[in-house]
Structure formats: structure tokens, C-alpha cells
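Residue numbers (our numbering), protein chains in the order written: chain P, 1390 to 1499; chain S, 3 to 121.
Pairs of lysine to any residue, SDA-like flavour, derived with a Cα cap of 25 Å:
# : chain 1 : residue 1 : chain 2 : residue 2
1 : S       : K68       : P       : L1485
2 : P       : K1435     : S       : K105
3 : P       : K1495     : S       : T94
Partial list, computed: chain P residues near chain S (C-beta under 7 Å):
#  : residue
4  : Y1424
5  : A1433
6  : L1436
7  : Y1439
8  : W1481
9  : G1487
10 : V1488
11 : F1490
12 : G1493
Treat the hints as calculated values from the structure; they're not laboratory data.
All C-beta atoms in this analysis are idealised placements derived from N, C-alpha and C, irrespective of residue type, glycine included.
Below are the chains, spelled out letter by letter.
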Amino acid sequence: QSVLTQPPSASGTPGQRVTISCSGGGANIGSNYVYWYQQLTRTAPKLLIYRSNQRPSGVPDRFSGSKSGTSASLAISGLRSEDEADYFCAAWDDSLGGVLFGGGTKVTVL
Amino acid sequence: QVQLQESGPGLVKPSQTLSLTCTVSGDSIISGGYFWSWIRQHPGKGLEWIGYIYYGGSAYYNPSLKSRVIISMDTSKNQFSLQLNSVTAADTAVYYCTRGDFKERFDYWGQGTLVTVSS
Chain P
1390 QSVLTQPPSA SGTPGQRVTI SCSGGGANIG SNYVYWYQQL TRTAPKLLIY
1440 RSNQRPSGVP DRFSGSKSGT SASLAISGLR SEDEADYFCA AWDDSLGGVL
1490 FGGGTKVTVL
Chain S
3 QVQLQESGPG LVKPSQTLSL TCTVSGDSII SGGYFWSWIR QHPGKGLEWI
53 GYIYYGGSAY YNPSLKSRVI ISMDTSKNQF SLQLNSVTAA DTAVYYCTRG
103 DFKERFDYWG QGTLVTVSS
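Bound conformation, chain S alone (with noise of 0.2 Å):
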């Protein structure tokens, strides 16, 4: 069974990076033709896109977040991760990491974690 699980603080300062670390069980991020992506969820409201990664390494993002989001993979400890630069509150939200065989299917999730942009 496929497991995802978010990790990383739940605070950071304004003008800081946001950085988010999932953590891949019972599944290789390099096998099998799949996208990692994250998604965010902001208080009370919708999903948001953020991007993704492919098995092999290659990332794509959300052209509204591209100038400052990287998402990379650790393929030694079957992570991927997520930075965020130049944080402000508008960037306080839930944030999912998901596997999924098409760029728009997510089929599984982590259970999300609170990120609080806050001074």
C-alpha cells in the first residue's frame, strides 16, 4: 500500500522559504511513470496546484507560483520536496504531497500538513 506522509515546520516567517519534505513508502519515486506533486490547500477554501516532478527527475509548476517554487527528489531516501522562497501569509495553507500516473489524477495522498506564514 502506497503512503505519503508531509513533514517540514509549521511556522515560517514572511520573506522566508517554505521547505516540505514527503516521504514515499511502499512505492519507488522512480518507478513506475508516476507525477509527485503538491498541492495546497489555503484555510477554508479550494485546491491549489503547485507542481510536480516526474519519475525521471524533471519538475513542472504551476506558472503562478514558478518563479518561486523548486520541487526535487531524493531518490536515496525516496523523498521529494518542496521549497517555497519569498513566503508571505498569503502562502498559509495545507499543504499535500500526492502521487499520481496522470499529471491531473492524484490518487494518493498524504494527510497534509499546516503551513502558517506568520511573524
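Pulled out of the complex, with its shape left as it was, chain P reads as follows (with noise of 0.2 Å):
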């Protein structure tokens, strides 16, 4: 059901910068806020960015998220072991009506 696209994987080395892009349609990211969720292994997802580009107390402020159109980044800097795991972007569709996923995007630290 995934109508926004990730790329399924992603990778970089300590301290390189990785962005993970989604890109969607006019109905869900053109039309409304994008959120971002990272997914560490056989946890429960966690926000990390809502409201396109806004960081909940707590997010670190290697995380940023953007917006331009129909499209959404997320970038982590300073990339740190920690940070690999899954990450989804999610936003309303007004089209469907309802909540959209990506179908999320491995970062992996070499």
C-alpha cells in the first residue's frame, strides 16, 4: 500500500553524512506535514521528526528533515553507530484518507 517511495537501504561510515529521501504525491506530501520514525532492531519505532522539520526534546541535532514539493529528506550527520536502524517517513493522504508509510530504509553504519 506504500504510496511513498524510500530507498530500501542506505549506508555510510562513522561521521559521514546519510540522507534518505520519500517521495510521494500532491494528496499526502505535497498537501501535508511529513514524519519521520526510526525503527531500531525489535524495538518499537520511535519519532524522530514531525511536522516535516521539527525535533522532539530528545532527538539529537544530527537529525534534520525537509520538504520540497512532493518530497521528503530526512539527514543524519555525524553519522554514529547507533544510528543504524530502520527509518519510515509516514503522512496524511488526503486522497486515502488515512495515514501513509514509506516502506522504510536500512541505514546501515560500515
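Build the complex from these two chains, which are given one at a time in their own frames, with help from the hints.
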């Protein structure tokens, strides 16, 4: 059901900057905020970014979100080993009348 | 600190009803204008939004599941529940309950519970 498209994987070495894209359409990303969730292995997802570019308290400023048109991005700067996780984007879809998630991107720290 | 905990059978037979309960502590489910949602994750796959119930009691469902889903709340127990009817193996997943102050913002998550549909 994913109408939000993410690359299945991304990787980087410690200290590098990694960017994950999330591509959608006018009814979802184009019209609504984007949210990003981090899921560490065998744990529940955690809210990482809300309203496209806002960080909840406690989320390091190494994580940043942006949105342009019908696409969004999550950037992780100064990559650390503990950032190895799955990352999901999400947005409300006005046509569907529900929340859509991206398929997820697995970030590997080399 | 808000905490959510899912509970319910880990094994359901095909064609039967999956029933899960989310017990909330640290907050009242009828206060604050929050959205109380259910999300599932098929093994090794992505997340799927099932639906939410708003603090006033109105519920909203994923159109793809709408014909089989009911989300309700029991304010006396500070719980909300998920019923999914006529389950098949495709409903095997980890089910999470969440709280958010917007319908697509999920701030607090339960630990998740695996439900397997099998005879």
C-alpha cells in the first residue's frame, strides 16, 4: 500500500552524512506534513521528526528533516553506530483518508 | 510518563476475530485531545496504519481495513481496543498501540505484540 517511496537501504561510515529520501504525491507530502520514525532492531518505532522539520525534545540535532514539493528528506549528520536502524517516513493522504508510511530505509553504519 | 501496553491472544485461527487491548498509564485517554491509534507491522516489513479513536470517542479507519475493523475505548479502565474480524494469514503482524496529538504523529508507542493467524 506504500505510496511513499523510500530507498530500501543507505549506508555510511561514522561521521559521514547520510540522506534518506521519501517521495510521494500531491495528496500526501504535497499537502501535509511529513513525519519520520526510527526503529531500532526489535523495538517499537520512535518519533524522530514531526511537521516535516521539527525535532521532539531529546532527539539529537544530528537529525534533520526537510520537505520540498512532493518529496521529503531525512538527513543524519555525524553518523554514529547507534544510528543503525530502519527509518520510515509518514504523511496523511487526503485521497486515501488515512496515514501512509513509506516502505522504510535500512541505514547501515559501515 | 505515558506508557502503553498491548495485550491479547498471540494466536488466532483463520476466519476468527483478533482482539487486542491497549492499557494506558500516565495519562487519561479522554483528556487532552489525543489520537489513540493502532499500527501493525508484518514480519520483516513496513508499517501499516490501522486507525485511530479520538479522545471524544469517534473512530477513523484505514479504508483498506475499514470493513473489518472496530476501535473502541473503555474510559473506566483507561483502555482502548482493536477488533479485526475475519482474519487470514495476511493479518499476522506485530500490533502496536500509540498516542499522538495529531493523527499522523505517534509520540508514544507500546512495545508491540505479535499476533499469528494460524489453524
